[in-house]
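With the hints as a guide, bring both chains together as one complex.
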Amino acid sequence: MKKLIQLTVNDREVEIAVEPNMTLTDLIRYEIGLTGTKKGCETGDCGACTVLLNGLPVNSCLVLAVQANGCTVETIEGLETEDGLHPVQDAFVEHGAIQCGFCSPGMILSAKHLLDKNPNPDESEIRAGIAGNLCRCTGYQKIIDAIKSV
Amino acid sequence: MSDHKVINSRARRIDTPAKATGRAIYVDDLSKPGMLYGALLQSPHAHAKILSIDTSAAEALPGVKCVVTAKEAGLVKYGVSPARYDETVFCHDRVRYVGDEIAAVAAIDKETAEKAVSLIKVEYEQLPVLLTIEDAMADGAPLLHEKYPRNITGEVHQEFGDVATAFKACDLIKTTTVKNKRQDGGFIEPQGCLAEVDLDGTLNLISSTQSPHYIQRTVAMVLGLDVGKVRVKKMYVGAGFGPKAGTNPMELACSLMALKTGKPVKMNYSREQVFMFNRGRHAFTHKITIGVKKDGTLMALEHECYLDGGAYASFGPATVYYAGSLLAGPYKLPNMKYDGWRIYTNKPACGAQRGHGAVIARAAFEQQLDMIAEELNIDPKELRQKNMMETGDTTCNDLNMSSFGMAECLDAVTGGSDWEAKKGKLPKGKGIGLACGFFVSGAGFPIYRSDTYHGTVMIKLTEDGGTVLVYTASAEIGQGSDSAFAMIAAEALGVPLECIRLASGDTDMGVDLGAYSSRQTLMTGHATKDAAEDVKRQILEVLSDELDVPVEGIDIVEGRITFDRPVDFSELRTRYIKEHRGWTDNPDTEYLTFKEASRIAYLKKGTIVGTGKYKPHFLGGTYKGAAVGTSPAYGCSAQVAEVEVDMETGQITIVQIVDAHDCGKAINTTSVEGQMQGSISMGIGEAMHEEVKFDANGNVINNDLAEYKMVTALDMPPVDAIVVETNEPNGPFGAKEVGEGAIMPTIPALLNAVYDAIGVRIFELPLTPERVYNAIQEANKE
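Heads up: the protein sequence lines correspond to chains A and B, in order.
Here the first sequence is numbered in the working numbering, starting from 903 and rising by one per residue.
Here the second sequence is numbered in the working numbering, starting from 49 and rising by one per residue.
Okay, chain B solo, but in the shape it has when bound (with noise of 0.2 Å):
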């Protein structure tokens, strides 16, 4: 039973009643007066030099009323960390991959800028295209940005304690080699954007962003305006999963062309578009070393990262990043060595998706454990355990675990999976496969150098009839994250959650990072408890004042006001009735009323509001990139796997998913075992169906959502998903993250129950049928 009266339950959200009636506005839905279409070129080459851009065609067809270029949107650099801004909204002088903007079209249809597009003329001369990591990195090879050579974006070279030394002292040193491929985010809902100039000079952006905040910030800088004169606002975003985080160029051709036109502009991504933008997960080889003593113990890991980065950095210096600094837990671990280069190709930009760059380094980890576990006679379950940090340790690289529930959910999963009746023991073609994960409750610091605070969030009581309205600049992707702030919201105040109405998304309402890296709930969580803390406190000294009570001695609770001592409080309420004649529904309890409260308030002091700001404190070491991995906390998970794998096809049937996810405090059950299920759901696309496909000229073959395999409901198995609560402390009211620390075992626990079930370790990504009866035919011949 929970000691809470609002979060920690399966309350009904706040939003989805209004999608599952076809009420919920997403951009595209939004139609203007005089309305005009944008479209965009893109370049059909992977890598040329641009040697003219001719528009006069398009700017003479009729109905056309805008066409702009990097003539008329400059050239003022922008990507996610501003170390590495490398992207203009348009070429001017070259092109890096198919799909890189040159120009833009405004008109008064769709099908007219869209032919006005075909009208512009542009002049190519082609240049070598580079599509691996090898043609990229070669000597004589073209550099795709003249500041990086070998078109290196960025490389880390870390080493914590001494790698060398202690794999002297192993007993057993293991290494293998696992590659990915890149991954789509895959969302429904294609981004889109509508910009409108206000007669008094504001921009208006409304985008399917998961961070108003960084657009505004891009497009002010990018776009040489004002950035007070920028309001940047989303509508119901029809998910993210990372690839919508950082600013794109439809969203700032978009706003030029309102600019320019004086009229609103609507633009929106096709799936081909989407496919073409992609900013995904980057296709990376993890070279992974472990060295253990005989009886199990974790003495070092030697880690060498290559990334498939695409044309552009976009998120990839922290990708980099990530995929080492991640690798230094859940286990104790006191040696590591990571060394990473992400490198730049003639491919659309990979960026953050979803556990961003711990994803696939955390399955290769977790299969050469299982490996380890094997050769060394130790059950995959003990070797974890005998490992395992606990609540209080830090890594070899300055990352505390505040909380930290892996061992239960450990216990969990093989409880609730019959681990120990099965391993080992099932026939062959059916198989079991244990993993564990974990990742940051929000970014330690924000990806623009900055004192800001992370998140800030508003609550005005209305002044009458004790409706608490909250303000946050916080994006509602379909995480449930407006829903969990009204609880907070309540839970904190005292409150029913009927009492709150909640907006977000809007620059307007405050700062807020967004949502990415898995921040909202712990950060804006923290800011939404502070702000209604900050009312009640408000509420509670004009109470205490009216009715000469000590502040300590009165509490709202569940709506109604309580006093540790008998109080006469009628005068309060003659008040309130006399300013209520006519009602029908007069209070007549024998408590004083929360409503009644917040108006005598509000009678007292004017409009009550409060206001709450999160910022974490200084987090990690001093070295280079140590900011990278930080976090307040971290939420962990193990998965079991159990599959049947059809031998002479190759073909795998996932039997079940068992999952425990440590999320510290679950504001809303349901929302946590949602999230937890669409990971996993994800997990096991990238782990057997999904990849991006391209030919040799760079284009993207598999543009589609039929040809790049997502997981449909014949293809997902029964996920049984456990909540794990460790009431982490540095979260509101003890919670942490579940949006992406979910995904990370269940690409490993998949490889580990294909092992089991087969005998052959697969190495590469993704496991489709002709994949493992390769294998299963390889491992025959030997």
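Just chain A, with the same shape it has in the complex (with noise of 0.2 Å):
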């Protein structure tokens, strides 16, 4: 029997119906139409579908839909504005610490977190940053250089 929530994504108020086992990731992806959150293992083990939920960074497949009724949603998409790239967006770029691309969203957002909380943060704070997030393609050198020029 499916549930009615409202949440807001990206600054958009969303009133929708889900069923109770369907994950945040889910309702993100298909019913919403975002996919820039990517689904790596769906068991909260490698971040790639990191989202901010109330401002705090989750792996979105380990939410319930029906978790996040009333709260604030910010997903990859959120990032870009009418000026352009986020600054961590265009730092991650400038630096080539996107690869493949697949656990990008997820870092991106675990990185802007991190710099929102502390704009300076030193090489250890950083690794801790983005511990939760796999990446299979760069070794993290370039992320942790792309964090670090911001």
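Simulated from the structure, these hints should not be mistaken for laboratory data.
Positions of the beta carbon are idealized from the N, C-alpha and C atoms, including for glycine.
Take the hints with a grain of salt, since some may be wrong.
Below, computed lysine-lysine pairings styled on DSBU-like, alpha-carbon distance capped at 35 Å [said to hold, decoys possible]:
| # | chain 1 | residue 1 | chain 2 | residue 2 |
| --- | --- | --- | --- | --- |
| 1 | B | Lys158 | A | Lys1050 |
| 2 | B | Lys158 | A | Lys904 |
| 3 | B | Lys163 | A | Lys904 |
| 4 | B | Lys169 | A | Lys1050 |
| 5 | B | Lys163 | A | Lys1050 |
| 6 | A | Lys905 | B | Lys741 |
| 7 | B | Lys80 | B | Lys97 |
| 8 | B | Lys741 | B | Lys53 |
| 9 | A | Lys905 | B | Lys158 |
| 10 | A | Lys904 | B | Lys471 |
| 11 | A | Lys904 | B | Lys169 |
| 12 | B | Lys169 | B | Lys311 |
A short, non-exhaustive set of chain A residues, derived as facing chain B with CB atoms under 10 Å [said to hold, decoys possible]:
| # | residue |
| --- | --- |
| 13 | Leu964 |
| 14 | His997 |
| 15 | Arg1029 |
| 16 | Lys1044 |
This is how it looks when you write it as structure tokens:
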């Protein structure tokens, strides 16, 4: 039996009926149509599904859609503005911090959250801040360089 | 300072802004009206006869549109190498590993499809399960594939020179046996596909693949379709590393169900299914015997290797060759004997994974070189330098080093890591280690016997506007190939990168063998350069004719037409402006622009299209298996690793890695460094943390990314990546590979560094704290 929920996604109000067992990832990707949030494992291990839920990074595959009722959700699509790329996105592009790109939406949101909290993190704080986002392509070096540069 | 205008720079990649913003589309992001979801029935048993399959309950479930088994799919055999085609889409009489596919269902949603799969009743008769090489080769062991006695998928016996005689002349002969564990590719995007049949009968298959071309041929062959009516495309792909280079049963099942239902069908692997499918690094046991003279001269290598290959051949027949052939370099080695066996077992098939069969062989060899260096009291760097091949040298098995910057790489890493100051001088618990390696820039031959070009590229100029459209069937899987080809096209044509618009990964665009064996930069790069030069020639010929200037006196540089003499081109400009009446930004420069020249060329000749193609000249020797290991060029690298080992717990901390890689010429320097750093992260994972674990019933027990331990940002040390350029004559603008060569030295550099720290050699991977701790304890007892 579906449940009606209301949430704000990237500053837009959304009202939608969802099955109780639907994950936030599936809600975002298939019901709302924002496919930037990725599914890498669906068991909360890889971080590719990271979104900001009420400002905090979460593995959206471990959040039920119904748990997001009344919450704000920020996905990767919410970072770009009419002025162009968010500084974190631009830094990732400039420093070669993106290869296959599948971890990037989650990684960028984790980085954004870190920098919003701590504008001048040292290297160990940066590594800890993205520890929940697996990347198989880059070896993390250029991701760390990018975050340092913002 | 580079003397190139576009390449050899840190240009921003053309695909990464879309990836940074979530705009980049991967296959699971797609949705089609009326789309069905597919699910697979996979064997829960590692080895069993199939007595019966009853799909009636599944078919009757509301919402199910299609149930297929071997009856519908047929039994055409496929695989990777035609001589070893041993797979069918679905099993019909026997399952050979936990995960072997038996049926598929397409339904209105995923939940219904999965429910239907659970309703398919299969009667099994369990058979003895063979989980080790010893079990599989034992007398009386059941044969997994009737054609292959003792479950040997393939065996190799090669000798170059005369090893026995050479050993007699050696002052020191050393033997070690090194083992690794099966690896998983660990790409963050699981395999997925979407198949749809057009109303004109074309099957469109979109898949997360490294090689649309190989998939296209396999789908056509297995399903009995006209290959001209099969189009395989890829969206952006979340990496591959090898397991995505061959066709998987899901792609075939998905295509079949799209044909049967007339509806688009989408399928995905769960992460669990990614582990079940595997096709990753084999488990190797290498017994290496090296003979040297007391001055350190390498004389001979005797090498015996067993590969645990899982239930199907996959790339295995090539793997067992690579395990031997790539030990013939990078040092001068006149005598080499290799015996290798690749064995079938009741586990997921192993395939090709970054570095293919050469990685663990390299680890064993470089570790033993270190042992020899120690015993002869020669510095490990000196021992390597003394024996190093040079540009132009050929190995005993006919592999030619047309460019070879190994000496430069060795100097760069020992300089950059303070090797002289640290080697042998660090306190107990701290260590430094060195290793070298090399790899092919593309296999010399395609995986099916053919005269085909390895890559074809089309370039079309827009009829107006000066935009250059580049079409390549090659696969951008994260390595940066799209950007590399855009940069090569721009460089060769003489225009800025912004003029290029590139599309890739579609079999309609041409032939490209895809992203494997580190081939694309060199091979597809050549085809791209070819096509761009073709276009340039056509434009110059038109200009020559229009302006009465010889072709040799005209050039295109950074989007400007240059002449070797004063030329009045005003008539051309007037014609151009007349055609653009109303435009507010018509050209008014003192030079003729590429935009104007390409418009004039179109008006003269019609659409300007250039084509390029690449096939290596015949490579290698004529002995059996000579093809494997051949390549038009070899990338090479050296690494120094510095570690700290906690003697009480066996925990290793990597302090730093310095890596130098000769890529010939960096098309995009940032991309080259990225490949080096990424290779190292996979090498560290394999050296220290990663192994696929099985229980006694053949189930993968660590089938998730928490228990299969890949390197996180907290585990990765700082990596100093040094790019070395030797201008490979066989490469476009001198470029050759970096995608796989850079993983070669990582494991042995760590093995050697750990030895330097703890004084104990370890011959089994991964170097878990437990294994290191036990080795220390064992040594203390003695």
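For each hint, the structure was consulted:
1. At most 35 Å may separate the alpha-carbon atoms for a hinted pair to count; B/Lys158 and A/Lys1050 exceed this at roughly 42 Å.
2. Straight-line distance between C-alpha atoms of B/Lys158 and A/Lys904 comes to about 17 Å, which keeps the hinted pair within the 35 Å bound.
3. For the hint linking B/Lys163 to A/Lys904, the alpha-carbon distance of about 20 Å falls within 35 Å, and the restraint holds.
4. This hinted pair does not check out: B/Lys169 and A/Lys1050 have alpha carbons roughly 57 Å apart, beyond 35 Å.
5. Taken as a hint, the B/Lys163 and A/Lys1050 pair is broken in the structure, with Cα atoms around 48 Å apart against an allowance of 35 Å.
6. Straight-line distance between C-alpha atoms of A/Lys905 and B/Lys741 comes to about 41 Å, which puts the hinted pair past the 35 Å bound.
7. Between B/Lys80 and B/Lys97 the alpha-carbon distance is near 38 Å, which puts this suggested pair outside the 35 Å criterion.
8. Using a Cα cut-off of 35 Å, the hinted pair B/Lys741 and B/Lys53 is violated, with the two alpha carbons roughly 50 Å apart.
9. The hinted pair formed by A/Lys905 and B/Lys158 meets the criterion: a straight-line CA distance of about 20 Å does not exceed 35 Å.
10. Restraint check for A/Lys904 and B/Lys471: the C-alpha separation of about 67 Å exceeds 35 Å, so the hint is violated.
11. Restraint check: the Cα-Cα separation between A/Lys904 and B/Lys169 comes to about 32 Å, which is no more than 35 Å; the hinted pair holds.
12. A distance of roughly 26 Å separates the Cα atoms of B/Lys169 and B/Lys311; the hinted pair therefore holds under the 35 Å criterion.
13. For the restraint placing A/Leu964 at the interface with chain B, the shortest Cβ-Cβ distance is roughly 12 Å, beyond the 10 Å limit, so the hint is violated.
14. This hint holds: A/His997 has a C-beta 8 Å from the nearest C-beta of chain B, less than the 10 Å allowed.
15. Because the closest C-beta pair between A/Arg1029 and chain B is about 4 Å apart, less than 10 Å, the hint holds.
16. At about 6 Å, the closest approach between the beta carbon of A/Lys1044 and any beta carbon in chain B falls short of 10 Å, and the interface hint on this residue holds.
The structure does not agree with the numbered hints 1, 4, 5, 6, 7, 8, 10, 13 stated previously, though it agrees with the rest.
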